[in-house]
Amino acid sequence: MAERWTVEQVAAVAPAPSSIAAAEGLASPTTWVSLGADARAAWGRCRGSGAEPYETMVDHAEVAWRCSCPSRRLPCKHALALLLLWARGEVPEGAAPSSVASWIEGRDRRASRDSHPTGRDAAGDTDGGSDGSDPPADGAPDRGDLDRARDERVARMFAGLVELDRWLDDRLRTGLSDPALARYDTWDSLAARLVDARAGALANRVRRLAGLVGAGPDWHSDVLAELGLLHLITQAGLRIGQLDGPLADAVATASGWQVRHADVLAGVPDTDEWFVAGRSDVREDRIEVRRLWLYGTRSGRWAMLLSFAAYQQTLDDSWQVGTIVDADLHRYPGGSLRALAGRRHADPLPLAPPAARSVAEACDAVGTAVAAEPWIERYPAMVRAAPAVHDGRWVLTDHTGSLPVVGPVRSLATALAASAGEPVTLTVEWSPHGVTPLTLHLDDRTIDVGPRADPTFVGAA
Amino acid sequence: MTPAASAPGQSHRAAADTTGGLDGYWRSLVTAAMLGTDRRDPPDPPAGPVADLVADAQRPDGASRMLAAVGAVAAARRAAFVPGPVADAMQPPDPADQVPADRPWCSSAAAATWRELVENWPVLEDEWMLTVIERGASLPPDVLVEALARHRSDVVRRARVMLAAGPVGPWLVEHVPELAPAGTRRPSADAVASLPELPIPPDLAELLHRDAHTVSTHLADGFAAGAFGPPDRAVLVNLVARCRPAVLPEVATMLERTGVGHALMLADLARLRHRMLAELGVTP
Chain C
1 MAERWTVEQV
11 AAVAPAPSSI
21 AAAEGLASPT
31 TWVSLGADAR
41 AAWGRCRGSG
51 AEPYETMVDH
61 AEVAWRCSCP
71 SRRLPCKHAL
81 ALLLLWARGE
91 VPEGAAPSSV
101 ASWIEGRDRR
111 ASRDSHPTGR
121 DAAGDTDGGS
131 DGSDPPADGA
141 PDRGDLDRAR
151 DERVARMFAG
161 LVELDRWLDD
171 RLRTGLSDPA
181 LARYDTWDSL
191 AARLVDARAG
201 ALANRVRRLA
211 GLVGAGPDWH
221 SDVLAELGLL
231 HLITQAGLRI
241 GQLDGPLADA
251 VATASGWQVR
261 HADVLAGVPD
271 TDEWFVAGRS
281 DVREDRIEVR
291 RLWLYGTRSG
301 RWAMLLSFAA
311 YQQTLDDSWQ
321 VGTIVDADLH
331 RYPGGSLRAL
341 AGRRHADPLP
351 LAPPAARSVA
361 EACDAVGTAV
371 AAEPWIERYP
381 AMVRAAPAVH
391 DGRWVLTDHT
401 GSLPVVGPVR
411 SLATALAASA
421 GEPVTLTVEW
431 SPHGVTPLTL
441 HLDDRTIDVG
451 PRADPTFVGA
461 A
Chain A
1 MTPAASAPGQ
11 SHRAAADTTG
21 GLDGYWRSLV
31 TAAMLGTDRR
41 DPPDPPAGPV
51 ADLVADAQRP
61 DGASRMLAAV
71 GAVAAARRAA
81 FVPGPVADAM
91 QPPDPADQVP
101 ADRPWCSSAA
111 AATWRELVEN
121 WPVLEDEWML
131 TVIERGASLP
141 PDVLVEALAR
151 HRSDVVRRAR
161 VMLAAGPVGP
171 WLVEHVPELA
181 PAGTRRPSAD
191 AVASLPELPI
201 PPDLAELLHR
211 DAHTVSTHLA
221 DGFAAGAFGP
231 PDRAVLVNLV
241 ARCRPAVLPE
251 VATMLERTGV
261 GHALMLADLA
271 RLRHRMLAEL
281 GVTP
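One line per chain: the protein sequences are C and A, in this order.
Once you know that position 338 of the first sequence is 338 in my numbering, the rest is easy, because the numbers rise by one and skip nothing.
Once you know that position 199 of the second sequence is 199 in my numbering, the rest is easy, because the numbers rise by one and skip nothing.
Read the hints as simulated data drawn from the structure, not as lab findings.
Think of the CB as a built atom: it goes at the ideal place given N, C-alpha and C, for glycine as much as any other residue.
Worth double-checking, as some hints may not be accurate.
Just so you have them, the derived chain C footprint on chain A, three or more residues with Cβ under 8 angstroms [stated by the list, open to error]:
(1) 79-92
(2) 209-220
Here's a subset of chain A near chain C, in silico, CB distances under 8 angstroms, partners left out [said to hold, decoys possible]:
(3) Leu29
(4) Ala33
(5) Leu35
(6) Gly36
(7) Thr37
(8) Arg39
(9) Asp41
(10) Met66
(11) Val70
(12) Gly71
(13) Ser108
(14) Leu130
(15) Ile133
(16) Asp142
(17) Leu144
Take the sequences, apply the hints, and build the full model.
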């Protein structure tokens, strides 16, 4: 069986967020009959509102889809639902029925013809180019289509960046006391336009920014800072051709440019004994996001694995906090810590954590990372410090200074109970508002205290 | 948590004025941004890199120049992430006379089992907590916090948690008001120290003190003959939760052999209770 897609990959091919939401409603085996999959394709018949079920098939190896439904959106919600089911392992293996086999055969025939063009093709005959086989309604674009699609996407993203920067200008012109800022619709409509512009990361950022309005006594300062950082990203994005490679990659990622998993996995692996230092779950819109912070015990470098779960899907539980895993990671382009997990070379082992830093050293490491990419929102650190109260706020303190603590009560209360006023070793996650305790590294045990996904939202592993 | 959660938007940076004039400039930017550049001209940046950057802004209007300044200053302030002042250490917990302070935490495995039984078999929680106390162990930090939060309004179980916590229990509650009890009623010492009675009909209650073979055969035969059905589930659970620990492995094995759904569920309970008591040092 071919390597399964992740839910994130399925979401990435959806023509709009609403499509993936609609597909979720159909992604249940009870809605389907004749489900099956092999190394090349997945297929099934989805019971819809019509008299006959829709016949749906996807080529998950070469990325194409076909469905008998009347939708003009490609892939349609039925194809997306089928991919979601397959990604979750809910489609049984089997032999492809004749309709699927002939569709795949036709696709392969066309692909072969494209790679060995006939004289007519080479002469540039653009009159349809059909040889009487399947019409190109199956969503399998040729190379030219792909180039055009990429160019179109770049143009849309640039247009989105220009629009965002003008919108930011307007906010400063009318002021932060403008009542429109208190309306979620103000932010949501901008976010929707950024999604249309294929700038999903910026759209998510705008939605998070909406939550800062009125959230605390200093919200004007927090919102203004975030508007400024959005401006930095847009300006960098509009000048991306002038930036050096790693920074350009980082800006592209911050803007929402998606890198295919296959391209990341094709890179040189970063092999290390990875200490699974912390875990943090956060709900972003309708998706639960899990960050796993890994520390390379040989290289001393951090990495981050992301996993996603829509409603009733499961998050990645294969990395146990407090263990060490000898494995390959494949890092995303640019300086970001994000990586994909590659091959594991040994079973996980429990490990005493690497030496923790002082508060001042942790601040220095975070500051260096932020200076390189001012728009990052989270960064890990391991510190040895004691919980304490300063100026009415909880902090982690040592002889070099203090860090403000944020996050769930449970996290801090557990750190407090473990410390009993003495220093403890913790993995924390920095954000602009303070650090969230993720893990307590005690002499005889590791305690995962990071923010945890709502168990009624995510499914059990 | 009272001190921290009350100020989620407060910036740590504001307290650490190590960026020279930038903090003052930032405050003037915030003031101007609240009113908008339509009503107030943006403040002039202090001479230096920010002023150069603003001069290079793409569009010459006030909002555009201010946006350039805001981006530059926000990035500079965020990168200038320095420690806040050293805070005074907290007073450690006060060892109470009646509770020895040096009790070890129960094992990680026992803590994991507590979490499992709370989720799946809460009927075992009382026995788990009383056994921890009897064995001279104490609650590890994660169990302590979750148990305090779980039993805010159950005075008996909360009293057991505080007993099992040792001196750190009251100290923690003093500092984390979210973990404080919901009421002030005091439970009787007897109620705290003893397992609550569970309803078991007389014919099954006879099995509480019988040997493993008798108990397991009675239950297995009952399931095989169809004598036990869904209405008996609660009393059978109570029986397995209170029978002698020594009979648990054989009861689990015999119930598993029946292949009956309710019996398998009881076998799971028997195995969990056996494991729980072994982890706490009651059974080998």
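(message) For each hint given before, does the structure comply? Return the numbers of the non-compliant ones in rising order.
(response) 2, 9, 14, 15
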